[in-house]
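Trainee: Protein chains in written order, with our numbering: chain S, 567 to 1329; chain C, 648 to 811; chain P, 872 to 958.
None of these hints come from the bench; they were simulated from the model. Yeah, the Cβ is synthetic: ideal placement off N, Cα and C, and Gly gets one too. Among the clues, some could well be false.
Said to hold, decoys possible - Listed next, the in silico SDA-like pairs over lysine to any residue satisfying Cα-Cα at most 25 Å (straight line):
id, chain 1, residue 1, chain 2, residue 2
1, C, Lys651, S, His700
2, S, Lys765, P, Arg923
3, S, Lys660, S, Arg672
4, C, Lys652, S, Met616
5, S, Lys889, S, Lys748
6, S, Lys859, S, Thr904
7, P, Lys896, S, Arg991
8, P, Lys890, S, Lys748
9, S, Lys889, P, Leu880
10, S, Lys929, P, Gly932
11, S, Lys745, P, Leu939
12, S, Lys745, P, Gly932
13, S, Lys1247, S, Lys765
14, S, Lys1040, P, Ser885
15, S, Lys1151, S, Pro1277
16, S, Lys748, P, Leu939
17, P, Lys942, P, Leu922
18, P, Lys938, P, Ser885
19, S, Lys660, P, Arg923
20, S, Lys1040, P, Leu939
To be verified - Far from chain P, by Cβ distances over 12 Å, these chain S residues were calculated:
id, residue
21, His755
22, Asp762
23, Met968
24, Thr997
25, Lys1151
26, Glu1179
27, Val1260
28, Gly1318
What the hints assert, rightly or not - Only some residues are given here: those of chain S computed to face chain P with a beta carbon under 8 Å:
id, residue
29, Asn729
30, Glu741
31, Tyr756
32, Arg759
33, Gly995
34, Gly1038
35, Asn1250
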Amino acid sequence: MSAEKTGDSTLSKEHNPTYQVIGTRPIRQDGTDKVTGRAQFGADIHLPGMLFGAVLRSPHAHARILSIDTSQAETVPGVRAVVTGADLADLEDKVTELGEGTINLRHQSWNTLARQKVLYYGHPVAAVSASSPHIAEEALALIEVTYEVLEPVLEVCAAMHPNAPLLIEDMYTDELGQKSEKPSNVAAHYQTRIGDVEKGFESATVIVEKEFRTSMVHQGYIEPQNGTALYNPDGQLTIWCSTQGSFGVRDQVSEILQIPVSKIKVVPMEIGGGFGGKNPVYLEPLAALLSKKSGYQPVKMTMSRSDVLAATGPTSGSYIHIKLGADSDGKLTAVEATMLYEAGAFPGSPVGSGMGVMFGPYKIENVLIDGYDVLVNKPRTAAYRAPGGTNAAYAAEVMIDMLSEKFGMDPLEFRQLNGVKNGDRSTFGATYQRIGYQETLEAARKHPHYSAPLEKANSGRGVASGFWFNYGGKSSASASLNPDGTVSLIEGSVDIGGSRTSIAMQLAEGLGISVDDVRPFVGDTDSVGYTEGTYGSRTTFATGWAAYEVSQKLIKQLVERAAKLWEVHPEEISYQNGGFSIGEKHMSLKELAGKLDETGGPIMASATVRPGEYGPGFATHIVDVEVDPETGKVTILRYTAVQDVGKAIYPDYVEGQIQGGVAQGVGWALNEEYMYDPQGKLTNTNLLDYRMPVALDLPMIDTVMVEVANPGHPYGVRGVGEVPIVPPAGALANAIYQAVGVRLNSLPMSPGQILEALQAEKD
Amino acid sequence: MMTKKLHVHTVINGEEVEFLCEPRQSLLEVLRDTLGLTGSKEGCNNGNCGACNVILDGSLVNSCLVLAVEVEGRSVVTIEGIAGPEGLHPIQQKFLEHAALQCGFCTPGFIVAAKALLDQNPNPSEEEVRHWLSGNLCRCTGYDKIVRAVLDTAQVMALQSTKR
Amino acid sequence: MPVVWIPALLLPLSEGRQKVNVPGKTIRQVIDNLEREYPGIRQRLLDSDRLRPNISVVVDGLISQEKLRHKLEDHSEIQFIPAISGG
């Protein structure tokens, strides 16, 4: 959509406009580097004089640190520095924003290096820098720590027991500012109450009630965390790392180390997956501390896979209890639910989001949901793609399936009857504006998959829906026009999967030029304006918007230059499809770019946005499974994911986001879980035993992109990345029920669990 | 504690290479830290993710499980040796056309693995491709576009060889 | 006049009223006026003069980024919900 009036940012909210660039499938600009191995990820960095850091981690899930003796380690030849919690400042309780949620910086500091207590197996206790990674590891073994081992708390219900050992002894339950009388492992209690659930259940003719459990799972990015820091004698700190947000790293490091942000530059390297787990810092403050203590030498740190699993944020395991009622027409009348989410060692589970996602697609007038954020001796949870959503939607979609069965209704028809439409009030209180949920149900019902016959024995088909809020947030971009008419674009969003191109495409569309003429570059914290991290399904939406604003500012300036050349008023010139014209006269952008010098010099523009009108996303998934009754193995025969994507700027990569989310959802549903022994030691700390899906576990994943444009964005963009991980667990549970007649209420639905359930059915 | 280093002679991506290494160093570590060939990635360091795949004397291996000293007198192909003097290998080109990557971290491993597959089996079925690639973990794509890219590459390469 | 949905946990403070009409041109003003009617409610919603970090404020269906400074219309509908996190 190119502006036809000069320099006017009025957005044309047409339905289905014809775009030149948006919706096409160019090769991504960073593609060649990625397929040749040239792209520089965090661990690929090499600096002169570089040292290597390593972290000593707690072998206990819950213990007091009585003493730490680093003297032996310091004498190892090649060791340059050792740091412990004593090297970090003691921070006040300060809560700030991170990844759209919040983080308590005191806890973040305690998580970086333990102070009086260790709160999970893998909790960092000390760190070392040395001339080789092997020497650093040897030095760790010589650090002597004496612990007073305490009883661990490893399960949410146990953690809430009045006699449970307390993790943080001065923590009280927060209920919107009101603190509990006694300290507790329950960090917070939230409640959503709409209407009157008692009356709602009275008018229900069918009520179903069930409880569910889900296990802690990890984001599973293939690239482990890393961080390299150089603390210069002049006080300037530079950090190179794998992160979803360079400005977030800068802010956190600034707080933890008590250094002004102006002294910190964060250079985001290419990132090998994040999914929310690379918003918090882990190694960066340690590398910085070590760099300074090692005599201002660069220190590089990478995490081993076992450290990644043991000590970086997984997402919450949970306990969920739901009671759901519907009237004689099959319309939902009331829902009452209790949700207990594991926060890990420090507060901050995504129970709040989970409360909203759970029945997000449904219209229910009477709601009472209690959510609890509960500490357990496991790693502090971090966001994982639609945080809190998968757990909740799993439970909700099984309940919906149970009701549709009781009513003898087709499961999609039941959802159409109860599904939200524009203007409906959600079960978390906000009112939906323009949404596309019904459209996904419609498309799913019509899809050939839904009516295809199921031929194999012990096979079944399940459906489930899902919702995610999406998000706007702060984004910046700047661009300069080159003399050959190409544009160099610097934007602040780390590129996790093609976004630098989808952002470039929006600039190209705005300017009316080819995307091949835009060269995008992901800037560091010194070279681009403040940009929030790549999370929350916000990047193509918000940073794309910033790029669009930049395009309009460039046009305005160019029109003024053309006016100078033609000696007319700017208002008389029109700009369309990369060309300026007045009457019979015409000049392409490329031609004008060549004449910038004679009209005043180079042209550049920048923009920073914080768009509020992001639209939520909805999806409906269909899955066919075959269950082997002898082994309990689930084979996925066919999978179709229908999602409202707003406007697919870069369709190949929108499909990719959907397929990737589905694959993670499948792993979460069928195989992945954290296995702790009774002492709280994580036993499956490698990728063989923490079983993520491989190519043999999945079929082709068909995606159907329904486009209900978000009227709040110049190109109708809706976030797409998080929604797809929400439905798979529910869809699979419902398919397994159809296949072999058991309703599983616990994730993962592993072969052992299925066999047990089948056996219980027989008995 | 520094152990005496060993002198290794090998061929990497068609070129003779010599390096010094400690006996305890893996091939992956030497490729990345000594030879500057950082295209092979460390995802797990114990043979479960395939991000470090290289081809050793024609066989696909996890370089994290091979000791550097073991490549004495042998031939190694890494991701850096896949593209030719004329440009990208068809596998690489097809990965880009099919958008068979998102973060790109697992991509070198997959491309090397795919090359090893097609060297052995120029016309694999979808099942064979999935089976072969089960040693490579991807967390971003769900494998759909990767499998399509490999199948498409097989077709293209078959056409190219019939033209000769 | 703007409408405020009282958060569930604060219903004891609003005498059980779920929905209240409160004057105000910004969220901050609305909260101040709410405090006049139902003393004690402000300190539950605010922490050191800003909205509690674990709450989001929704205005007319959209989560507000300006929070206390958000300008309201006459018909604005306001809700307070647990904060959302993205990944």
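Trainee: Determine whether the non-interface label on Met968/S survives the test: each CB of chain P must be over 12 Å from its CB.
Mentor: Non-interface label on Met968/S holds, nearest chain P Cβ at 26 Å vs cutoff 12 Å.
Trainee: Is it true that the CA of Lys1247/S sits at most 25 Å from the CA of Lys765/S?
Mentor: violated, 47 Å
Trainee: Answer holds if the nearest beta-carbon of chain P is closer than 8 Å to that of Gly1038/S; otherwise answer violated.
Mentor: holds, 7 Å
Trainee: Non-interface claim for Thr997/S: all C-beta distances to chain P beyond 12 Å?
Mentor: Not fine: 4 Å to the nearest Cβ puts Thr997/S too close to chain P.
Trainee: Could you check if Tyr756/S really has its C-beta closer than 8 Å to a C-beta on chain P?
Mentor: It holds, given that the least Cβ distance between Tyr756/S and chain P is near 4 Å, below 8 Å.
Trainee: Given the hinted pair Lys745/S and Leu939/P, is their alpha-carbon gap at most 25 Å?
Mentor: This hinted pair holds, its Cα atoms lying about 23 Å apart.
Trainee: Given the hint that Lys938/P pairs with Ser885/P, test it: the Cα-Cα distance must not exceed 25 Å.
Mentor: Holds, at roughly 22 Å.
Trainee: For a C-alpha distance cap of 25 Å, please report whether Lys859/S and Thr904/S respect it.
Mentor: Cα-Cα ~49 Å, so violated.
Trainee: Run the distance test for Lys896/P versus Arg991/S: straight-line Cα separation, threshold 25 Å.
Mentor: holds, 24 Å
Trainee: CA of Lys889/S to CA of Leu880/P, is that 25 Å or under?
Mentor: The given pair, whose Cα atoms are some 20 Å apart, holds under the 25 Å limit.
Trainee: Taking 25 Å as the top limit, are the C-alpha atoms of Lys890/P and Lys748/S close enough?
Mentor: violated, 32 Å
Trainee: Holds or violated: Lys660/S with Arg672/S, Cα cutoff 25 Å?
Mentor: holds, 7 Å
Checked against the numbered hints given earlier, the structure breaks hints 2, 5, 6, 8, 12, 13, 14, 15, 16, 21, 22, 24, 26, 29, 35 and satisfies all the rest.
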